[in-house]
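Residue-level listing of the chains:
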Amino acid sequence: MSQFATPISRSFGIAWFGRHELRLFWRDWVSMMTAGKRGREPILAAVAVAFAVLIHMLAYYLVAPYAEAGIVPDPETLLMLTGGGFLACSLMLSQAMESVTRAFYARSDLDLILSSPASARRVFAVRMIAIALATTLLTTVLAGPFINVLAFYDGPRWLAGYGVLLAMGALATAFAIAVTIVMFRSLGPKRTRFISQVVSAVVGAGFVIGAQVAAILSTGKFSRLEIFRSEDIVAAAPGPASLLWWPARAAMGEGVMLAVLLAFGLGLLAAVIAVFSANFGDHVVAASGEAYESTRQRGRERFRPASVKRVLRRKEWVLLRRDPWLMSQTLMQILYLAPPALLLWRNFGDDLGGLLILVPVIVMASGQLAGGLAWLAVSGEDAPDLVASAPVPERAVLTAKIEAVIVAVAVVIAPLVLALAFAAPRIAAVAALGVAVSAASGTMIQIWFRSQAKRSTFHRRQTSSRIATVAEALSSILWAGTAALLAAGSWFAGPVAVLVLLILAGTWAIRPRQAP
Amino acid sequence: MDPSTPALELRGLVKKFVRPAVDGLDLTVRTGEFYALLGPNGAGKTTTLRIVAGLLKPDAGQVSVLGIDALANPVAAKRDIAWVADEPMIYEKLTPFEFLEFVAGLWSIPAEIAEARARELIGWLGLEPHAHERCQSFSKGMRQKVALAGALVHEPRLLILDEPLTGLDAGSARQVKELLSERVRNGVSVILTTHILEVAERMAGRIGVIDKGRLIAEGTLEELRSRAGHAGGSLEDVFLELVARENDAA
Chain A
1 MSQFATPISR SFGIAWFGRH ELRLFWRDWV SMMTAGKRGR EPILAAVAVA
51 FAVLIHMLAY YLVAPYAEAG IVPDPETLLM LTGGGFLACS LMLSQAMESV
101 TRAFYARSDL DLILSSPASA RRVFAVRMIA IALATTLLTT VLAGPFINVL
151 AFYDGPRWLA GYGVLLAMGA LATAFAIAVT IVMFRSLGPK RTRFISQVVS
201 AVVGAGFVIG AQVAAILSTG KFSRLEIFRS EDIVAAAPGP ASLLWWPARA
251 AMGEGVMLAV LLAFGLGLLA AVIAVFSANF GDHVVAASGE AYESTRQRGR
301 ERFRPASVKR VLRRKEWVLL RRDPWLMSQT LMQILYLAPP ALLLWRNFGD
351 DLGGLLILVP VIVMASGQLA GGLAWLAVSG EDAPDLVASA PVPERAVLTA
401 KIEAVIVAVA VVIAPLVLAL AFAAPRIAAV AALGVAVSAA SGTMIQIWFR
451 SQAKRSTFHR RQTSSRIATV AEALSSILWA GTAALLAAGS WFAGPVAVLV
501 LLILAGTWAI RPRQAP
Chain B
1 MDPSTPALEL RGLVKKFVRP AVDGLDLTVR TGEFYALLGP NGAGKTTTLR
51 IVAGLLKPDA GQVSVLGIDA LANPVAAKRD IAWVADEPMI YEKLTPFEFL
101 EFVAGLWSIP AEIAEARARE LIGWLGLEPH AHERCQSFSK GMRQKVALAG
151 ALVHEPRLLI LDEPLTGLDA GSARQVKELL SERVRNGVSV ILTTHILEVA
201 ERMAGRIGVI DKGRLIAEGT LEELRSRAGH AGGSLEDVFL ELVARENDAA
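Residue numbers (my numbering), protein chains in the order written: chain A, 1 to 516; chain B, 1 to 250.
Think of the hints as simulated: they come from the structure by calculation, not from any bench.
This one's a predicted model, so the numbers in the text were calculated from it and none came from an experiment.
All C-beta atoms in this analysis are idealised placements derived from N, C-alpha and C, irrespective of residue type, glycine included.
Incorrect hints may appear among the rest.
[Stated by the list, open to error] Each computed DSBU-like pair below joins lysine-lysine, with the alpha-carbon atoms no more than 35 Å apart: (1) B:Lys57 with A:Lys454; (2) B:Lys57 with B:Lys140; (3) A:Lys190 with B:Lys16; (4) B:Lys16 with A:Lys309; (5) A:Lys309 with B:Lys212.
[Claimed, not checked] Simulated restraints, written as ranges between beta carbons of each label pair: (6) A:Phe51 with B:Lys57: 52 to 60 Å; (7) B:Arg11 with A:Ala45: 48 to 56 Å; (8) B:Asn41 with A:Met32: 48 to 56 Å; (9) A:Arg304 with B:Ala76: 53 to 61 Å; (10) A:Val407 with B:Ala76: 24 to 32 Å; (11) A:Ala178 with B:Arg202: 57 to 65 Å; (12) A:Ala46 with B:Lys57: 52 to 60 Å; (13) A:Ala178 with B:Pro20: 55 to 63 Å; (14) B:Gly187 with A:Pro384: 51 to 59 Å; (15) B:Arg185 with A:Trp508: 47 to 55 Å; (16) B:Arg11 with A:Val407: 54 to 62 Å; (17) B:Arg11 with A:Trp508: 34 to 42 Å; (18) B:Pro20 with A:Leu138: 16 to 24 Å.
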């Protein structure tokens, strides 16, 4: 008899599987943060401490002045807290929807689990609880320092905020499970996967963008916080007894409201799991069948003559077009262009000064978009050996891929720049220049740091290279700043441009040598 | 080109990773020959073939493909080579028809010629019902057939196959073997690695056994049998004997 017989036969408990899930989550997170390289854990710990200190300093800078003066539950405070709560909740909902969808579709260990004698109902119940905890934890990392600073300066009653976060995490997960299952039943696994992933991304960005749009429409300014300070909104807000303020009042330490909120959140999560968990296994089986569904492609029956570069460009565009999830992930940054587009529409023919704000947004979006597309085209190449074994010089392959990226970026960004050109030709010219250098920089960084990865890991592309991720972000931001300053006629654009060129030169100098 | 020019000639090939993967390898594949390269796991077979396909650069040595120095002029050498890996290199979102169009485009084959060849290959490999379906739903065997069709659509003169029959069912494996035999009859040279020794035994004109990055034996099956002292024995017996001797000698 094996020495392991007893522990294994006892091991199908919820607690055991819960530990297993949390261990996987932890290792997955560490692997993501360290790019899967061993020996980096001490660096990760140091970065985590530095991040915690930094975000506490930021929280101190933002809320300590109010906290020291004492915070009272007036309409403006309740409005700000509720708005912040909605922001946190939209992020949680986004993350929960993505995690729940992945729980049904990721094949990693589901075949093993479903072929084991363990109860699928229990297994998935644990998995959903783990998702709720992970969802809460990640938002707590961002919101926790604000709670700590408030508690330090205005009393421990603010620690109740952690309870509110837990209740919101449970609510967001319950909602995500219910929505995903209902979509599964009504739309089928194939559509659910796509819609759920897109909706989760839109929800994540939606509140921030919605607040900006509302701020633009109500005040013509460009700040997501502006809306909460608007006199109209404060005047229209319900009275202090309204249910709408309960989460905010619970976060301020009102015990009864916190207890009700926690009971409601955790109770709803338990109810949703109890109602739906019986069918979790069936949904996973249905989702796995989706992978084997054939997709017939209508259209051409003839080969088209084309140069090698054209063949490569066309392939990149077809692959992107046929992967709606990837396209939605790539184009998600374009959502952030909605508020500036609205500002453009509002200011058309009026105050051209407001249009200056468009320049950095467009330039930054194009840099990020180009970086994402370049990663897909170069690092996310599904058949690297096939392309490398073709009688085509590597430089020609890279050139074709760069062209594919630049054209895709142009298709998305050009309409905005053209619209801008009608209102302000000089600003549009600066924006076009900024778009070109920002997109070129984002693309080149991804080429310098190219590695081999699966396209499906696009949402984690930052793990391929931290340096590339940071350099791409810095380059986009600084080119955006350069373009904004240039559009405003400031000489300071020169030094900022020099700074970004130095960063690019430094990034090029430390690029990894490509293996021969 | 002179018909006596070897399809592939490797001289003193060396490639080191942490330790030597290929260690001074000399190997010649004749034009129109079916050559099987056998060896235990980690012997250096795949590394050797990847160097020939231009996917790795050797640390030392020479690679000549149909008389072309493949290290000095890789693009010219690649025109006549096709590489098929054990993991099919295809695009999930393309159909077999589109995949073949893409590969033909990479090798700059005129569209009309490529299309005719593609249709022939699709028919030959039994892919007709799926020619316009995306590869994402295909089994591994079907993906391997698509990859093989991609390798043949530009009519290479040297076909490099690394475990090409992995994942294929018996019927598909037979189709592929017949296709390869037909190509060899038409003058194409094939170099193949496989752990299915029956394939090498039946199809290969000559067999090379590689271990620790070096060629330890080479010849026809009969020649290898005689060298191993296994007259009438199976290739499996011969292979195991040769590798065991090499290990004993080391």
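Against the structure, the hints:
Between lysine 57 of chain B and lysine 454 of chain A the alpha-carbon distance is near 24 Å, which keeps this suggested pair within the 35 Å criterion. Among the hinted pairs, lysine 57 of chain B with lysine 140 of chain B is consistent with the structure: their alpha-carbon atoms are about 29 Å apart, no more than 35 Å. Straight-line distance between C-alpha atoms of lysine 190 of chain A and lysine 16 of chain B comes to about 46 Å, which puts the hinted pair past the 35 Å bound. Simply put, lysine 16 of chain B and lysine 309 of chain A have alpha-carbon atoms about 34 Å apart, close enough for the 35 Å limit, and the pair holds.
Annotation: proposed proximity of lysine 309 of chain A to lysine 212 of chain B is violated, straight-line Cα distance about 40 Å (limit 35 Å). Checked against the hint of 52 to 60 Å, the pair phenylalanine 51 of chain A and lysine 57 of chain B fails, with Cβ atoms roughly 41 Å apart. Look at arginine 11 of chain B against alanine 45 of chain A: about 52 Å separates their beta carbons, and that is inside 48 to 56 Å. Judged by the Cβ atoms, the range 48 to 56 Å given for asparagine 41 of chain B and methionine 32 of chain A is violated: they are separated by roughly 31 Å.
One distance hint, 53 to 61 Å for the beta-carbon pair arginine 304 of chain A and alanine 76 of chain B, is violated here, with the actual separation near 26 Å. Checked against the hint of 24 to 32 Å, the pair valine 407 of chain A and alanine 76 of chain B passes, with Cβ atoms roughly 30 Å apart. The given range of 57 to 65 Å is respected by alanine 178 of chain A and arginine 202 of chain B, whose C-beta atoms sit roughly 59 Å from each other. The supplied range of 52 to 60 Å is broken by alanine 46 of chain A and lysine 57 of chain B, whose beta-carbon atoms lie about 38 Å from each other.
The hinted range of 55 to 63 Å is satisfied by alanine 178 of chain A and proline 20 of chain B, whose Cβ atoms lie roughly 59 Å apart. Take glycine 187 of chain B and proline 384 of chain A: their Cβ atoms lie about 30 Å apart, and the range 51 to 59 Å is violated. Separation of arginine 185 of chain B from tryptophan 508 of chain A is about 52 Å and conforms to the stated range, judged on CB atoms against 47 to 55 Å. Range check, arginine 11 of chain B to valine 407 of chain A: about 45 Å between beta-carbon atoms, so the 54 to 62 Å window is missed.
A C-beta distance of roughly 37 Å is found between arginine 11 of chain B and tryptophan 508 of chain A, which places it inside the suggested range of 34 to 42 Å. In this structure the hint that proline 20 of chain B and leucine 138 of chain A lie 16 to 24 Å apart at CB is violated, the actual value being about 47 Å.
In summary, the structure is inconsistent with hints 3, 5, 6, 8, 9, 12, 14, 16 and 18 from the numbered list given earlier, while agreeing with the others.
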